[in-house]
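Participant: Line by line, the protein sequences give chains X and E.
Under the numbering used here, residue 396 is the last one in the first sequence; the count climbs by one each step, no gaps.
Under the numbering used here, residue 545 is the last one in the second sequence; the count climbs by one each step, no gaps.
Any given hint could be a false lead.
Stated by the list, open to error - Ranges of calculated distance between the beta carbons of each label pair, as one might list FRET restraints:
{"id": "1", "chain 1": "X", "residue 1": "ASP58", "chain 2": "E", "residue 2": "ASN498", "range": "54 to 64 angstroms"}
{"id": "2", "chain 1": "X", "residue 1": "GLY259", "chain 2": "E", "residue 2": "GLU456", "range": "52 to 62 angstroms"}
{"id": "3", "chain 1": "E", "residue 1": "GLN332", "chain 2": "X", "residue 2": "ASN396", "range": "51 to 61 angstroms"}
{"id": "4", "chain 1": "E", "residue 1": "ASN233", "chain 2": "X", "residue 2": "ASP58", "range": "36 to 46 angstroms"}
{"id": "5", "chain 1": "X", "residue 1": "GLY259", "chain 2": "E", "residue 2": "THR421", "range": "30 to 40 angstroms"}
{"id": "6", "chain 1": "E", "residue 1": "GLU325", "chain 2": "X", "residue 2": "VAL301", "range": "52 to 62 angstroms"}
{"id": "7", "chain 1": "X", "residue 1": "ARG191", "chain 2": "E", "residue 2": "GLU325", "range": "52 to 62 angstroms"}
The set of hints was computed from the structure by calculation and includes no laboratory data.
Idealized CB from N, CA, C, for every residue including glycine.
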Amino acid sequence: MTKNLIPWAVIGTLIVAVTTHGADNWLQFRGPDGRSGSTARTPEKFGGEDALNIAWQQKTAGRGVGGPLVIDGLVVVTGSGGEDERDIYVEAFDAENGVLAWRRTAHALGRPFTHPTSANASPTPVSDGERIFALYSSCDLICVDVQGGLQWYRALAVDYPKTGNDVSMSSSPAVIDGVVLVQLENQGDSYVLALDAKTGENLWRKDRPRRANWASPLAFRLPDGAAAFAIQNDESLQVLRARDGEVISEFTVAASTVSSSVYVSPRLYVPAGGLTAFDFSSERPEIAFENSRMQTRNASHVVAGERIYACKGSVLVAANLKDGEVVWQQRVPEIESVWATPVVTATGIYVFDQNGNVTLVRDVVDGDQAKAEVIGSSKIEGPVLASPAVSGNALFIRTENAILKVASPN
Amino acid sequence: MLQLLRRASLLFFCVASASFWVAQGAAAAEGVDEISIVKGVGESGVGHRAAQEAMLRIRKQGPSMLIPVLESMRNATPISKNWLRMLAADLSDDAPLPRDELTLFFEDRQQDPDARYLVYRWLTDSDEELQASVLERSTDDPSLPLRFLANRRLMEQAAATAEVEKETAIALYQRVLKDARNPDQLQRTVTALAELGQTVDLAKELGMFQRWYLIGPFDSTAGAGFATPYAPEQALLESQGADFDPTRSEAGKSADVTWQIATTSDALGSLDLNPIFANEKEAVVYAFCRFTAQEVGELEARLGSTNGNKLWVNGQLITANEVYHTGGRVDQYMGSCAINKGENWVLVKICQNDQTEAWAQEYQFQFRITDSMGKPIACTITTPAEK
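Kindly produce the complete structure, drawing on both the sequences and the hints.
Facilitator: Dropping the structure here:
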């Protein structure tokens, strides 16, 4: 007899994550705590010609590869379109029925050019529960409230004119304790910038190496409660105090410039040399373990319960969160090029590929042996490069031109 | 008594009406003041707090502020226009769209092109029939985003008819060629016309500069050349373009170098430096020419390059980009420039880095001058002279 390992473990570790905002909110890239996990029981199979379990689908105003947010019953997505994708959008749909609640449009003032598979709307927006901060590859940054009311707008490519990367500036913003952080690393004006969430004014700014970097900053709380941001590139990992940018810790490490880090107190799991775990339980953080087998390709690591998962394209690898020991490795059928970070629910691990193929894998225990069980595959009309959101018992999937809700009718 | 009451009622009505309109007028005037505060937002967060407070007061006045906000986009800065766009959207959410007023606003081509484009989106997003009829007559609209959509529609129509009605397709593509300002659209149109047997010199249509004096390579080891003003740069900038001697030798990266004439027949006017400079890496090359223009005044200099670059027009630095191999395209870097009657000059500095990847080998640039709407300005290259 096999037992699904995920639900109980996920429930155990996600309790903390839902204390700040409603359990149904998904406020940033990879969800409430950045682990891309949820306790929701989502459908095993969906899509296809008969649109199985597709509760609704809406065309978005523009293209987008950033993930959706779910805030107080609204699904929020960004998009870009028009000439050179200079029309940039933030729009909100009623999570229940998909009806458009509001749409805001601006004109990109930075370089909107990207690789054809990406879009100007490539970063996932972030929310503090009251406001939504939507960043674009063109370095335009829009802040609206949950009703769509403009709070402020910054044209960062006007303030720092050499910022840009025509592949795409895809690093997603992060927010904690009233501080919004954008990490805009490229060959021109390269920096991290902290802004006041209420006013959009600069709080602090640090120059960064002038090289392309797509990894996103991570907002988290250190064991002593201090709000911090982890930022990484191919030569270092830095932990910065949120309020003033002071460097709390720094490690010389070749971290990924695509995949981002994940934090499970007191450890920061960094995509470097495969996977490197840094333990922050003491004043002098140290490396807890390294495992080169946990290398990711484009997606970021995902944490659920006692497990951490790495997606290497069509191969999924599971390891123990505690010691990094690999417990299974599974080739994922139907899956080719993966950009979206997988999402884990009580149903299993959903792996999305660029073409809209989705394979559900379950982490099970068979006797004493942990193993992967491929549950089945689904197909939606892609492309899908954005990591999905989970709210209630639904998945919200941002395809290139649409947003759709996957939920069982019952 | 009755008459007295009537008079009193009339008096009351007049006073009330006057008060109402005075109040409305005062509110409108106050609203305009508040809008000007929003228009005052600047770079780097300047004016945010005042603008936030002003927006609160404008929202309190409700949907009546929608048209004034749209009208205020005229002469607004690009940054404040984005504030006004989103403020207008806030206001439009508070009541049914005043379609008649908005239609009048859209039809007035004297209104701000960006405000009109926003209104176009509101009016047509859920009305495909209206969208088609507006686009049909917008291929030369002052709003460039709208013009882009209108010409895209024409191109789709042309493509759909190309196989069965060739002459109709050609006529539609010719219309795009006349009205479109987007280089990608023009390029695709020329390709489509070629497939229909019509030859168009795209580089000429785009107004690309196709003849240059070049000198190089100069050393750019470790990228240092980008910030190093080599002799040609120094001489031309210090003399305001006067000190140009095509026979003069300068110390180059590994040998003395002299100016040479290069031309391009590339469809997009791109000048490929690799065959001229033997695929030199870590190098700087300068391109220079003098020209006369059919229009003068404040125009736009537009450079495309996948390499590090600096551009001067008549000695004024227009743009400087220490960016390598992240993509290159027509009009990648743009800036306003003053073009004079008579002769003008342009100096382009193009830097190659040390990247060895196959996708990082391009060494090229393209240049043109347009008006603010992207219309190419016909220029005649006087130096180097045409042989």
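Participant: Given the hint of 54 to 64 angstroms, is the C-beta distance from ASP58/X to ASN498/E inside that range or not?
Facilitator: holds, 59 angstroms
Participant: Is the hinted range of 51 to 61 angstroms satisfied by the C-beta distance from GLN332/E to ASN396/X?
Facilitator: With a Cβ separation near 59 angstroms, GLN332/E and ASN396/X satisfy 51 to 61 angstroms, so the hint holds.
Participant: Quick one: are ARG191/X and GLU325/E within 52 to 62 angstroms, going by C-beta?
Facilitator: holds, 59 angstroms
Participant: Does the Cβ distance between GLY259/X and THR421/E fall inside 30 to 40 angstroms?
Facilitator: violated, 52 angstroms
Participant: Given the hint of 52 to 62 angstroms, is the C-beta distance from GLU325/E to VAL301/X inside that range or not?
Facilitator: Given a distance of about 56 angstroms, which is inside 52 to 62 angstroms, the answer is holds.
Participant: Within 52 to 62 angstroms: is that where the Cβ-Cβ distance between GLY259/X and GLU456/E falls?
Facilitator: At roughly 54 angstroms between Cβ atoms, GLU456/E and GLY259/X fall inside 52 to 62 angstroms, so the hint holds.
Participant: Please check whether ASN233/E and ASP58/X have a Cβ separation lying inside 36 to 46 angstroms.
Facilitator: Given a distance of about 38 angstroms, which is inside 36 to 46 angstroms, the answer is holds.
Comparing the model with each earlier hint shows a violation of hint 5 alone; every other hint is respected.
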